[in-house]
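Protein chains in written order, with the working numbering: chain F, 1 to 787; chain H, 1 to 279.
Since the hints were made in silico from the structure, they are not lab data.
Incorrect hints may appear among the rest.
[Claimed, not checked] BS3-like, lysine-lysine: derived pairs with alpha carbons at most 30 Å apart:
hint, chain 1, residue 1, chain 2, residue 2
1, F, 172, F, 775
2, F, 656, F, 617
3, F, 13, F, 48
4, F, 617, F, 515
5, F, 433, H, 234
6, F, 297, F, 404
7, F, 95, F, 35
8, F, 515, F, 297
9, H, 2, H, 189
10, F, 48, H, 2
11, F, 433, F, 389
12, F, 113, H, 29
13, F, 35, H, 2
14, F, 433, F, 297
15, H, 2, F, 113
16, F, 172, F, 297
17, F, 617, F, 517
18, H, 2, F, 95
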Amino acid sequence: MTEQGVGASLLRKEDDRLLRGRGQFVGDIRLAGMKDVAFVRSPLAHAKVGEIRIPDSCRGQVFTAADLEGVKPIVAVSGLAGFKVSEQPILAFEKVRQVGELIAMCVGDTRAKAEDVAACVEVDLDELPAVHDMIKAREAASALVHEHWGDNVFLETFVDVGIEAAFDAPIKVSREISTARQSMAPMEGRGTVAYWDSRMEQLVLYTGSQMPHIVRTGLAECLGLDHAQIRIISPDVGGGFGYKGILLPEDVCLGWLAMRCGHPLRWIEDRREHLTAGANCREHHYRITAYADRDGKLRGIDCEATVDSGAYSSYPFSACLEAAQVASILPGPYDFPAYRCRTWSVATNKCPILPYRGVARTGVCYALELILDAVAREAGLEPHEVRLKNLVKPEQMPFDNITKKHFDSGDYPEALERALAAMDLKAIRERQKHPEPDGRLIGIGHSIYCEQAAHGTSVYSGWGIPMVPGHEQATARVTPDGGLELRVGVHSHGQSMETTLAQVAHEILGIDIAKIKLVHGDTEYTPYSTGSWGSRCAVMAGGAVATASREIAGLAKRIGAHLLQADPNDVEVAHGKVVGPTGSVTFEEIAHTWYLRPQDLPMSVDPRGLESTIGFKPVRDSGTFSYAAHVALVAVDPEIGDIEILDYVIVEDGGKLINPMVVDGQIYGGLAQGIGTALYEEMNFDASGQPLASTFADYLLPGPTEVPAPRVDHMETLSPYTEFGVKGIGEGGAIAPPAAIGNAVNDALRPYGAELLRSPMTPRRVLEAICAASKEKSAEAEREEAA
Amino acid sequence: MKPVNFDYARPADVGAALALLADDSLSVKLMAGGQSLGPMLNMRLVQPDLLVDITGIEELKRVEDRANEIVLGACITHADIEDLRVPDVTCGALPSVARGIAYRAVRNRGTMGGSLTHADPSADWLSILSTLGAKVTLRGRSGGRTIPVEDYMLGALEADLRPGEMLVSITVPKLSRSARWGYYKSCRKTGEFAHAIGAFLVDPDRGVSRAVIGATESRPIVIAEATHLVGDGKAERLDLAFDSHAAGAAIEAAGMADPIDRQTHVVALRRAIERAHTA
Ligand SMILES: Cc1cc2nc3c(=O)[nH]c(=O)nc-3n(C[C@H](O)[C@H](O)[C@H](O)COP(=O)(O)OP(=O)(O)OC[C@H]3O[C@@H](n4cnc5c(N)ncnc54)[C@H](O)[C@@H]3O)c2cc1C
């Protein structure tokens with residue numbers, strides 16, 4: 001490891017501007033003549049749209065579906081058999097299917113004036129019964145979100161790997177486990193600025209996006225434009241988490257109007273739009289049964305999982321990304337012989353469900369890890385004993401699990417044992433025997449997961465989503481002064497890629513980090529890419545940058561060797577120089593020669609010069625499997641229901657860490673979000689499909705005082721398939737906390753026999769669980785007395 | 001979320017503010033710290049023609065220290081109390097409660113008068129000031145009136161403010177040296193509004209024994225004669241006297257139907273008593 005290369009905890013290059021408030025986000029962009037857009041949105045979850053009345057004073061400032069001639073709805077089709085297609089209108093016609101759905105686009109000199117215009121528009125809505133409960137939505141009597149489907153199911157999937165063999169297991173534990181709907185909350189909401197560039201004959205659209213190229217593809221489809229007619233610029237992005245991977249109807253609206261109106265347009269999502277109409281995610285429901293032997297060895301898992309997919313299949317990930325994944329990832333890091341899982345992606349009159357950091361895994365981990373603790377309680381074992389009985393062992397690696405996931409490498413039991421050792425389980429069990437002075441109850445809980453990341457063509461082609469990643473490309477180009485420019489199609493929304501990808505190039509070329517510049521976030525300047533998602537950037541873009549850098553090394557060596565009068569086979573690249581047997585020449589000299597003094601080079605010089613665009617795929621594209629064990633120590637107040645996290649330990653293995661400090665940052669952020677899922681965040685709807693939180697006063701997020709400083713320990717088991725052995729870790733932090741905290745809470749509540757099986761674990765749910773358990777106990781006592 | 005277009009005035013005295021309020025042809029809204037009104041303006045829940053900013057009125061920042069009470073101008077901020085820029089006559093009760101309101105940025109601007117008038121059932125001042133037996137003074141063009149804090153709140157987000165009136169001051173009685181008080185706020189995270197508040201005051205020298213259960217759906221439940229709950233204040237340990245059934249019954253009688261809410265509020269009151277503070 002060099003001071004700046006792979007493995008160095010380098011301070012972030014991007015922080016100089018970001019921490020000084022000099023970043024440039026969509027909301028910072030000012031263009032001459034720019035006008036603001038506000039939308040008329042549906043106040044109802046499900047209704048027929050009648051007449052839309054626009055007062056004469058607002059003519060020319062209001063646009064409805066009738067104006068959008070030739071514009072296609074947003075369609076994200078999954079190729080999985082039986083998937084039912086939804087069409088998400090750009091502006092509503094005939095019907096609205098969620099609160100917040102766009103009905104009309106209104107333009108004003110300022111946002112306030114645009115809102116004034118919106119307030120003048122009258123819409124006749126004829127309310128229909130709303131579908132708000134995903135379980136009831138599957139019943140025959142339910143109202144229908146998309147009438148022509150005949151039911152409300154986007155997709156049903158089923159796998160059965162010999163589940164009957166488990167039925168005679170001595171332990172059978174069944175639970176109903178669920179996670180609330182959430183609204184992911186990046187600090188920066190969505191926003192779009194659009195204008196028509198008449199010189200380039202191009203629609204230029206600024207939007208904070210994780211995947212600018214995919215936005216371009218989707219937008220081209222909706223607007224009927226050539227790709228070359230669209231340029232997407234994603235400037236600094238203030239957090240994405242999945243929400244900024246989505247093509248929104250708002251983007252299409254602004255693009256359409258910007259092509260016609262002769263001035264730039266801007267829409268900046270406000271927090272109410274964000275919470276009520278946009279960023280919904282996570283709502284899962286499980287009926288899960290675990291079969292086990294008395295020693296804790298799992299015999300099988302049987303599950304029915306339902307995901308509330310909301311009204312539309314959003315582009316590009318589709319409405320079944322979550323549920324369909326549940327079936328394949330539910331077995332987690334465990335090895336057991338029998339498995340059955342049925343899943344439903346259900347349409348309701350809510351916002352489309354979007355992929356959120358840890359996509360599907362957070363719910364899966366919560367369900368599986370809670371049921372394993374229930375097995376432990378049933379078997380009279382410590383929860384970790386049950387896990388150690390079932391975790392895939394290091395000597396089994398690489399391992400193909402029951403759903404044919406190929407675990408590349410790792411030592412799962414070691415991670416769990418290290419994490420528990422850091423917490424001193426024995427001492428805590430001892431402490432639990434005595435009442436706490438403050439009357440609270442102490443509980444310890446853990447969870448462990450493995451996360452498939454950076455999986456590629458072979459995996460996604462089977463899913464049939466509209467975007468299957470292939471080779472990830474990068475361009476590396478030496479500048480005339482010996483600096484290095486890297487161009488990638490992924491985009492940073494907080495991942496620190498300006499630093500980490502520079503470290504990768506530095507590792508190979510030795511060029512000083514300060515002279516390596518990452519260009520990303522602009523379709524005009526970067527190679528096509530499906531973008532930043534699926535914890536793929538370090539592996540895929542990192543691999544591409546490494547490959548391109550090696551190409552550059554080869555090209556530079558030949559020029560360098562010529563300048564050194566040496567054989568190209570006798571020189572090597574080190575410390576930003578080409579070093580030969582008798583001397584060295586810097587990249588600056590090599591670049592200067594290639595660009596400005598070609599007379600010093602022979603005719604036979606490689607005409608590719610000092611630039612390379614090249615693609616990368618790992619040796620196997622079935623994905624890397626990073627993993628982590630989380631252990632939480634909590635105190636539960638049984639009178640008020642408050643839960644406090646007293647201590648938190650994470651032992652994580654992300655293979656080779658390009659920048660350990662950045663990885664820690666990813667883990668901290670993920671943990672904060674996981675704590676949100678566990679304890680605070682909940683987007684409730686009433687029976688008419690109205691969202692009940694429209695500000696952060698109603699939608700609680702953890703703040704700095706609610707997130708403990710975790711103790712993080714790293715293992716570094718290399719992936720055999722990737723550059724440097726790197727694994728994807730971007731989402732992991734958010735996967736395990738609800739399960740670890742949930743198990744800790746249930747451990748604390750053991751004296752009451754109470755169990756919480758739904759996140760977030762609010763004070764009310766704690767008290768209700770205690771109440772239910774004590775009722776159950778007295779009913780039992782009565783039954784015994786009667787007998 | 002941007003407010004409607006409105007005019008703005010910043011009068012220098014109460015008389016000028018009242019004159020502006022008197023214009024019936026306009027919808028006029030007073031603004032103090034703007035911490036509650038700001039979001040309501042942005043969400044267009046309030047759409048005034050004229051916004052009257054009262055933070056430039058010197059009288060509303062004034063403190064008058066009388067023999068048995070202190071009079072606080074309506075625009076005294078939470079931070080003024082927290083930082084003791086205003087003398088404390090409550091054995092630490094007001095500064096201590098101030099510290100638990102929202103976040104410092106909100107406390108810097110938010111005012112006592114604004115908080116009481118906004119009448120959010122979860123607001124801290126409402127509960128502690130009714131516990132202390134404080135009064136508010138309202139003034140209109142035709143004169144003034146003074147009423148107990150708990151009567152000023154009519155219901156959730158509704159204060160007893162007549163057309164043309166404004167709140168000018170809050171009068172807080174001075175506690176005697178033997179007084180003991182307690183306050184417990186249950187909320188899910190730092191700086192959050194409460195989902196249950198318990199508060200009490202016993203001041204044997206003044207013959208006061210009061211308990212308040214706050215953060216209900218509506219007005220705080222004020223038990224003005226609370227000796228059956230908290231004693232007369234002469235016993236060493238007040239919590240021994242606490243009768244949780246009586247507290248639960250009082251809460252139920254006030255209309256709180258949900259048993260878990262009731263439990264939480266009873267516990268909040270008991271914890272307030274367990275944490276009794278003395279001068
Ligand atoms: C994030 C956040 C967290 C918060 N947490 C808490 C908390 O934990 N506990 C708590 O108690 N409060 C909390 N608050 C509310 C805060 O205390 C507000 O400051 C307070 O409710 C309103 O005071 P203000 O001076 O800002 O009033 P404004 O917002 O200016 O006005 C509120 C209302 O009162 C009227 N008004 C103001 N002054 C007068 C007057 N003198 N006469 C007549 N009418 C008047 C206004 O017209 C308006 O209707 C929180 C606020 C925020 C933003």
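We went through each hint and held it up to the structure:
1. Pair hint residue 172 (chain F) plus residue 775 (chain F) holds up; C-alpha atoms about 24 Å apart against a cutoff of 30 Å.
2. Pair hint residue 656 (chain F) plus residue 617 (chain F) holds up; C-alpha atoms about 17 Å apart against a cutoff of 30 Å.
3. Our distance criterion of 30 Å between C-alpha atoms is broken by residue 13 (chain F) and residue 48 (chain F), whose separation comes to about 52 Å.
4. About 27 Å separates the Cα atoms of residue 617 (chain F) and residue 515 (chain F), which keeps this hinted pair within 30 Å; it holds.
5. Our distance criterion of 30 Å between C-alpha atoms is broken by residue 433 (chain F) and residue 234 (chain H), whose separation comes to about 38 Å.
6. A C-alpha spacing of about 20 Å is found between residue 297 (chain F) and residue 404 (chain F), which places the hinted pair at or below 30 Å, so the restraint holds.
7. Distance hint between residue 95 (chain F) and residue 35 (chain F) is fulfilled; the C-alpha atoms sit about 29 Å from each other, no more than 30 Å.
8. Distance hint between residue 515 (chain F) and residue 297 (chain F) is unfulfilled; the C-alpha atoms sit about 55 Å from each other, more than 30 Å.
9. Only pairs whose Cα atoms come within 30 Å are accepted, and residue 2 (chain H) paired with residue 189 (chain H) is accepted, the gap being roughly 28 Å.
10. Restraint check for residue 48 (chain F) and residue 2 (chain H): satisfied, since their Cα atoms lie roughly 29 Å apart, inside the 30 Å limit.
11. Between residue 433 (chain F) and residue 389 (chain F) the CA atoms are separated by roughly 26 Å; this keeps the pair inside 30 Å, and the hint holds.
12. Between the alpha carbons of residue 113 (chain F) and residue 29 (chain H) the distance comes to roughly 21 Å, so the proposed pair stays at or under 30 Å and holds.
13. Note on residue 35 (chain F) and residue 2 (chain H): the hinted pairing holds, with a Cα-Cα distance of about 15 Å set against a maximum of 30 Å.
14. As the CA atoms of residue 433 (chain F) and residue 297 (chain F) are separated by approximately 28 Å, the hinted pair is consistent with the 30 Å bound.
15. Taking the CA atoms of residue 2 (chain H) and residue 113 (chain F), the gap is about 9 Å. The hint holds against a cut of 30 Å.
16. At most 30 Å may separate the alpha-carbon atoms for a hinted pair to count; residue 172 (chain F) and residue 297 (chain F) meet this at roughly 12 Å.
17. Between residue 617 (chain F) and residue 517 (chain F) the CA atoms are separated by roughly 23 Å; this keeps the pair inside 30 Å, and the hint holds.
18. Using a Cα cut-off of 30 Å, the hinted pair residue 2 (chain H) and residue 95 (chain F) holds, with the two alpha carbons roughly 28 Å apart.
In this structure, the earlier hints numbered 3, 5 and 8 are contradicted, and the remaining ones agree with it.
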